[in-house]
Amino acid sequence: MWKINWTLITKSRAKRVKKKHTAEFESCVAQIATAQKYLNMGLKIGGKLKFGTLRPESGGVYRVGQSGIPSPKETRIYLYFDEDSKIIYVVGMGFKEGQSKDINEAKKLVKKIREAK
Amino acid sequence: MARISHSVAEMAADILDDPSAKERVEKLISNRRLLEQLILQRLLREKTQTEVAKHMGCHTSKISRMEAGSDQDLKLGDILGYLSALDMNLSMILADPTSPIAVRIKHAVFQIDDLLKELTKLASLSGDEQITSGIDRFYHEVLFNFIKNFKSTYDEFRDRLQISFPEEEESAEGVDEVQKSPPKEVSQREPAGVV
Numbered sequence: 003m004w005k006i007n008w009t010l011i012t013k014s015r016a017k018r019v020k021k022k023h024t025a026e027f028e029s030c031v032a033q034i035a036t037a038q039k040y041l042n043m044g045l046k047i048g049g050k051l052k053f054g055t056l057r058p059e060s061g062g063v064y065r066v067g068q069s070g071i072p073s074p075k076e077t078r079i080y081l082y083f084d085e086d087s088k089i090i091y092v093v094g095m096g097f098k099e100g101q102s103k104d105i106n107e108a109k110k111l112v113k114k115i116r117e118a119k
Numbered sequence: 024m025a026r027i028s029h030s031v032a033e034m035a036a037d038i039l040d041d042p043s044a045k046e047r048v049e050k051l052i053s054n055r056r057l058l059e060q061l062i063l064q065r066l067l068r069e070k071t072q073t074e075v076a077k078h079m080g081c082h083t084s085k086i087s088r089m090e091a092g093s094d095q096d097l098k099l100g101d102i103l104g105y106l107s108a109l110d111m112n113l114s115m116i117l118a119d120p121t122s123p124i125a126v127r128i129k130h131a132v133f134q135i136d137d138l139l140k141e142l143t144k145l146a147s148l149s150g151d152e153q154i155t156s157g158i159d160r161f162y163h164e165v166l167f168n169f170i171k172n173f174k175s176t177y178d179e180f181r182d183r184l185q186i187s188f189p190e191e192e193e194s195a196e197g198v199d200e201v202q203k204s205p206p207k208e209v210s211q212r213e214p215a216g217v218v
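For the record, the sequence lines run as chains A and B.
Mapping to our numbering: the first sequence position 106 is 108, numbers consecutive.
Mapping to our numbering: the second sequence position 85 is 108, numbers consecutive.
Hints were generated in silico from the structure; no laboratory data involved.
Treat the hints with care, since some could be wrong.
[What the hints assert, rightly or not] List of simulated lysine-lysine pairs, DSS-like, C-alpha gap at most 27 Å:
no., chain 1, residue 1, chain 2, residue 2
1, B, Lys-45, A, Lys-98
2, B, Lys-50, A, Lys-98
3, B, Lys-98, A, Lys-39
4, A, Lys-52, B, Lys-85
5, A, Lys-22, A, Lys-119
6, A, Lys-75, B, Lys-85
7, A, Lys-22, B, Lys-98
8, A, Lys-20, B, Lys-50
9, B, Lys-45, A, Lys-5
10, B, Lys-45, A, Lys-52
11, B, Lys-85, A, Lys-46
12, A, Lys-75, A, Lys-21
13, A, Lys-88, B, Lys-45
[Claimed, not checked] Partial list, derived from the structure: chain A residues whose beta carbon lies under 7 Å from chain B:
no., residue
14, Ile-6
15, Trp-8
16, Ser-14
17, Ala-16
18, Lys-20
19, Thr-24
20, Glu-28
21, Val-31
22, Gln-33
23, Ile-34
24, Gly-70
25, Pro-72
26, Phe-83
The C-beta atom is built at its ideal place from N, Cα and C for all residues, glycine as well.
Turn these sequences into a full structure, and let the hints guide you.
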């Protein structure tokens, strides 16, 4: 069964989201739950796991965004699916305006996770 | 400290530092059951959002939004279009949750019977030996699995209520009566509510 690991999310990063944009965050999380369900059913990542707003970025990073929120703050959660350990790592979260910086940070974290194996 | 769990709802509660977030996220997840089935069918058929959008005559972003939303936001036309893009049909069961369970089971049995009749029709229309023998194998499998599951459920029922078969207690009163009364064959058109 796939687990989710959010150890890498710092308190300061979470603070920005929880202050004002909890609905957006929760919408993203519901889609992560769908991904987890499919992985538990045996679906492989390999570029196929693309639904809703979940899609691959580069360097093994996936991102998911909010949906169904009126006048939303464009929110992103960045993920890494480690097929060996069956762990979904949350490697970043933030907003659209900071996404290129967030993606780069997420990619660095993915590299560290891979190197630590 | 490692923060790791099987539950994304727990993660949300922890990150937001709000225990009530767990319940909210669980509700959001349970409001995506139909969507998850639709998406799963698309993924299993290896169809992309773009292919579905093209078939439906809309932009990919609409499919993306639809898949990311909730069941309540789905429109019937969109469900039909999505399924059509996957070469699938929609089959609906209008269930009355207030009906007695026995009535609902009876309706389900009639539905199975209808589907088996359809299968038989298909076998006679195709004239293909391979299809016909496949259907024949299927009939045996269905019968075997049904009897196996029916027996196991019925055994459980008897264990729970400590019921014994009349033939196990031949001296029991009323055995003759039971043996004289074979199971009643029920009309398919029997009105709902009559057991």
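- Against the structure, test the hints numbered earlier, and report the numbers of the ones violated in rising order. 5, 7, 16, 25, 26
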